[in-house]
Amino acid sequence: MNAIAHRTLNIEAIRKDFPILATLVNGYPLVYLDNGATSQKPHLVIDSQSEYYRQQNANIHRGVHYLSQLATQKYDVAREKTQVFLNAASSHEVIFTAGCTASINLVAQSYGRQNLKPGDEILLSTMEHHSNIIPWQLVAQQTGAIVRQIPITDQGEIDLEAYGQLLSERTKIVGIVHVSNSLGTINPVQRMIAQAHQVGAVVLVDGAQAGPHTRIDVQALDADFYVLSCHKMYAPTGVGVLYGKEVLLRAMPPYQGGGDMIHTVSFDGSTYADLPYKFEAGTPNIAGVIGLGAAIDYLAGLGRGLLQAPDMSLGLALDAAFEGISNYESELTSYGMKRLSEIDGVRITGTAKEKAGILAFTMDCAHPHDIGTVFDHKGIAIRAGHHCCMPLMKRLGVPATARASIAFYNTVEEIDRLVDGVLMVKEMFG
Amino acid sequence: MNAIAHRTLNIEAIRKDFPILATLVNGYPLVYLDNGATSQKPHLVIDSQSEYYRQQNANIHRGVHYLSQLATQKYDVAREKTQVFLNAASSHEVIFTAGCTASINLVAQSYGRQNLKPGDEILLSTMEHHSNIIPWQLVAQQTGAIVRQIPITDQGEIDLEAYGQLLSERTKIVGIVHVSNSLGTINPVQRMIAQAHQVGAVVLVDGAQAGPHTRIDVQALDADFYVLSCHKMYAPTGVGVLYGKEVLLRAMPPYQGGGDMIHTVSFDGSTYADLPYKFEAGTPNIAGVIGLGAAIDYLAGLGRGLLQAPDMSLGLALDAAFEGISNYESELTSYGMKRLSEIDGVRITGTAKEKAGILAFTMDCAHPHDIGTVFDHKGIAIRAGHHCCMPLMKRLGVPATARASIAFYNTVEEIDRLVDGVLMVKEMFG
Amino acid sequence: MSMDLRELYQEVILDHNKRPRNRGKLEEPTGSAEGHNPLCGDNVTVYIHTHDGRVEEVTFEGSGCAISTASASMMTETIKGKTLAEVDAIFREFQQMVTATGEVAEHPDLGDLEVLAGVREYPVRIKCATLPWHTLHAAILGEAVKVSTE
Amino acid sequence: MSMDLRELYQEVILDHNKRPRNRGKLEEPTGSAEGHNPLCGDNVTVYIHTHDGRVEEVTFEGSGCAISTASASMMTETIKGKTLAEVDAIFREFQQMVTATGEVAEHPDLGDLEVLAGVREYPVRIKCATLPWHTLHAAILGEAVKVSTE
Ligand SMILES: Cc1ncc(COP(=O)(O)O)c(C=O)c1O
Ligand SMILES: Cc1ncc(COP(=O)(O)O)c(C=O)c1O
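Protein chains in written order, with this note's numbering: chain A, 53 to 482; chain X, 53 to 482; chain W, 155 to 304; chain V, 155 to 304.
Treat each hint with caution, since some may be false.
Unchecked claim - Taking lysine-lysine and the DSSO-like style, the derived pairs with C-alpha atoms no more than 27 Å apart in a straight line are:
#1 Lys430(A) x Lys281(V)
#2 Lys446(X) x Lys179(W)
#3 Lys169(X) x Lys169(A)
#4 Lys446(A) x Lys281(V)
#5 Lys478(X) x Lys172(W)
#6 Lys446(X) x Lys405(X)
#7 Lys446(X) x Lys172(W)
#8 Lys172(W) x Lys430(X)
#9 Lys68(X) x Lys126(A)
#10 Lys179(V) x Lys446(A)
As the list claims (entries may be wrong) - Examples of chain W residues toward chain A, derived with CB under 8 Å:
#11 Pro277
#12 Val278
#13 Ile280
Source of the hints: derived by calculation from the structure; they are not laboratory data.
By construction, the Cβ of each residue, glycine as well, lies at the ideal position given by its N, Cα and C atoms.
Excised from the complex, chain A in its bound form:
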């Protein structure tokens, strides 16, 4: 993939693929730096939704008719694309859910409730999103298991020494965010998984912020469970992915009951369908899943464009796309970090060595909420708050931060406008 190092994404062309980027806010061109909350969608994804409802809409799996067969085929193909996206060993290991949060709850209630006993331990890092904390607290209450905290350093990295000491034969589950939504830290999940496996624990990796920015390979990571939030990956709202190793998924009881997840039903007892259907009760978000397929196609298209190889396989195209995306996003992040750190009274939150597109900061003179409002006035969309990471905020000793989160359609000029915004806040509140 070295060929790519010298080729760069055509950002100007890419921006035209995302119609919302042309919005004017309050007379200013929108600077969308809230990608960590949700990404924008390219035409290809938006149009896949209308096309589906205009030409293919039907319920899947059970229909003999034309539309149902079309819809089923599109849905199944999206699962195969997602398999390649994650480099899963089989498409049966890809479960579609309503969201990343739903995926984690599924694992906690199905795998967790089945396997946890009183005194067993669940390890979660201080930097986890609430979605990777509360489901475990709930199942801990139900089973008598104990949630323990993997501490972090002042730079916002996992304290690996402490992690090693926390691991023991009591450890049954480790939950770890791949890329932190509040700090940008890229955690050494491969290494952490290997360590957890040594004590016999399984690991769930929260890939909500990794999916949109890095090439994922669940087999190389040896992850037991890996979850994605598709609306953050240029795809529609209402879709999540749960990857699980087949051997684990097979042994797990169903989470939700309903249509499509059964084999036979009677009032005397029911039997359940095979993977992946066992975990897809009821009519899924068919249009949304097809939209996820379109988002993966879009990313692959970027990769093929970079290498001018229109016939490249999906996997290689995604390799190329994510190499291009992460190179470019790192440049933007470094530039932003440098510019922000030059401003007096600005403190950057999250200075890990391995770090992806998050610029989070606080200012001495102004509360993040005020920063957000001033920015909004200039058309700059960032997030102010705890970013669903209250334990992390407590650890950092701040009630909230202002967070700009980057996607590959952002530009250096937009980072400059962010910095101008910071200067304006200083002038106003300083």
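Position chains X, W and V with the ligands against the provided structure of chain A, taking the given hints into account.
Just chains X, W and V with the ligands now, with coordinates in the frame of chain A:
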């Protein structure tokens, strides 16, 4: 509302609102009679999705910026529209979920797991959809409660005498489908709820097939829980509604944990948000919920058109729309029942006195699956199978039925084509 | 799109559907198995009697669509008297025929069964055609498992 | 769309934000309460000392944005010395001012607080302005509850 009796929907104009109806299948104009599986979507709903992604897309609730405020406002307004749709007392009683199946699982796991004790009884009718059976079997296994069956008559009606005898102080929950997806039977839910309340049981009404065809009034029914499947109601895939009485919802523990459903989170314990957020963990299907709002607007538009009252309130407009819709759909159903019953060797399944748009049948000469394939060849989309009602199929003594399910955009000519299809099957297999 | 309906429902198929051959139960089978397609409610039970690695008797029972009934009926006719190795080869060839995409190959060993090639054009119906075969396979192996083609 | 930023962040507000009045703890309050806005992490505690139905002392502590800090600061200035009935009326009027849509009414009783009218244009910020008031309300009632404006 009597004014409406003499006015009828303009079906020709309505068909133009649904772009997929112009599809040709195998050279024949599509006859879409699989509305029970999923409905088609009007332009207004389809366009609401592109408009959202082109102009408003952002994550909701936590954002200070322009797009986030737009999206939040649209999402909140959709909840208020849904409140009117159901005539709920408060918009806090309207919970958005990933689907009807998810709604029932939520109630089973949250209300059920909290309230059921060994020996307690859950009553479900023989005609329930698997989605209203399996979740209760799962919670019964977890709690030691017992699932009992409310039998039906040969016509496909609830055996009300048997129901009365089954009710006892052991009865804690009754699950009953409002309109059967396999038979079309409209169940006397108001009366059944009153009876259940006398023994202190709560009632969940499965309104998946009622929502698209009848005006719902949860307060008049005095339903404790009422669930909707929005993709069957002209809205996007991936959205469901759970209505619950405030007093019940307040006392229930959260179902899924994650962002937005919390008040405070710490590793020492967390506290949960108020209604409706307590039950909406994680980023919801924002576009889908906004699409549901558009579907409700579309229906209201039909009602306003019928009465030529463009300024009519949403509630009254929905009254008018559903009066028009159910009148017209009953006519189509009666016509279809009459024509099918005239054909030798065709047996109609479901002959309840109160019956909505379902024409389900078996033929002596051909299996439903073959009927479906022959129909498909002529562009007629119906469903062949057990319709996620295996216990009902067993009760009826058939492995499967062929089911045509009607929506207000269907026509008499389409029913005629259905009948022609049946005659062709007879010719081929007879 | 789809080919003419008559190519799916050929006369031979309609005939086997109406008058299935070898329908019934075997009194003392050396193996039997139950197959189920939950999508359409098809149920089939296959009874087999083998001796010295050869199929002496094979029958089926159950309710299913025309495709699965005809497939079961023709299957019993075709394999009676064949060695288990031959049965295995025919099963493979049959499966290949109904799932292959692209060029339609010749299948001289399949005899009448070749009329089922038309299901290739009807993806959801392929399982109807293969259900009896999977069930046969289980009956031969003497597995007590229930087969499902979901 | 949104009005000029200076109308939200008026000089008076910026001044109260920088130099909040009556910040601190009361030694022996007759009531106190804690308020929390989980959306932005704002926290405020209000201490009150009333005697004979009149506010003798009122202070606040906590960390919050400029709007909530200024609102708390001005609130304490405005209500000191007022009867509880007067406080109640002012609270109502304040709430009406920051949530009303349409015509902007006059609010002569609110004094300086009137500069907060600008939050009307910023729906997500309204809760910042009202959090100290809800907390005050709880402190007066002597409720041990924690207030949340979620
Ligand atoms: C009566 C009934 N209940 C529940 C469901 C389940 O709805 P969904 O698959 O949208 O969750 C359906 C739809 O198939 C239904 O017809
Ligand atoms: C790291 C992380 N995990 C989990 C989530 C939850 O994702 P969703 O809200 O899409 O379920 C998010 C998004 O907010 C996140 O950033």
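Status of each hint after checking the structure:
1. With a C-alpha separation of about 22 Å, the suggested pair Lys430(A) and Lys281(V) falls inside the 27 Å cut-off, and the hint holds.
2. Simply put, Lys446(X) and Lys179(W) have alpha-carbon atoms about 23 Å apart, close enough for the 27 Å limit, and the pair holds.
3. Of the pairs offered as hints, the one joining Lys169(X) and Lys169(A) holds, with about 22 Å between alpha carbons and a cut-off of 27 Å not exceeded.
4. At most 27 Å may separate the alpha-carbon atoms for a hinted pair to count; Lys446(A) and Lys281(V) meet this at roughly 22 Å.
5. Among the hinted pairs, Lys478(X) with Lys172(W) is consistent with the structure: their alpha-carbon atoms are about 13 Å apart, no more than 27 Å.
6. Proximity of Lys446(X) to Lys405(X) is assessed by CA-CA distance (about 22 Å); at most 27 Å being required, the pair is judged to hold.
7. Proximity of Lys446(X) to Lys172(W) is assessed by CA-CA distance (about 24 Å); at most 27 Å being required, the pair is judged to hold.
8. Taking the CA atoms of Lys172(W) and Lys430(X), the gap is near 23 Å; set against the 27 Å cutoff, the hint holds.
9. As the CA atoms of Lys68(X) and Lys126(A) are separated by approximately 26 Å, the hinted pair is consistent with the 27 Å bound.
10. Between Lys179(V) and Lys446(A) the alpha-carbon distance is near 23 Å, which keeps this suggested pair within the 27 Å criterion.
11. Restraint check, Pro277(W) versus chain A: the minimum CB separation of about 6 Å is within 8 Å; hint holds.
12. For Val278(W), the suggested interface contact is upheld, since its CB lies about 5 Å from the closest CB of chain A, less than 8 Å.
13. Hint on Ile280(W) is violated. Least Cβ distance to chain A is approximately 12 Å, over the 8 Å limit.
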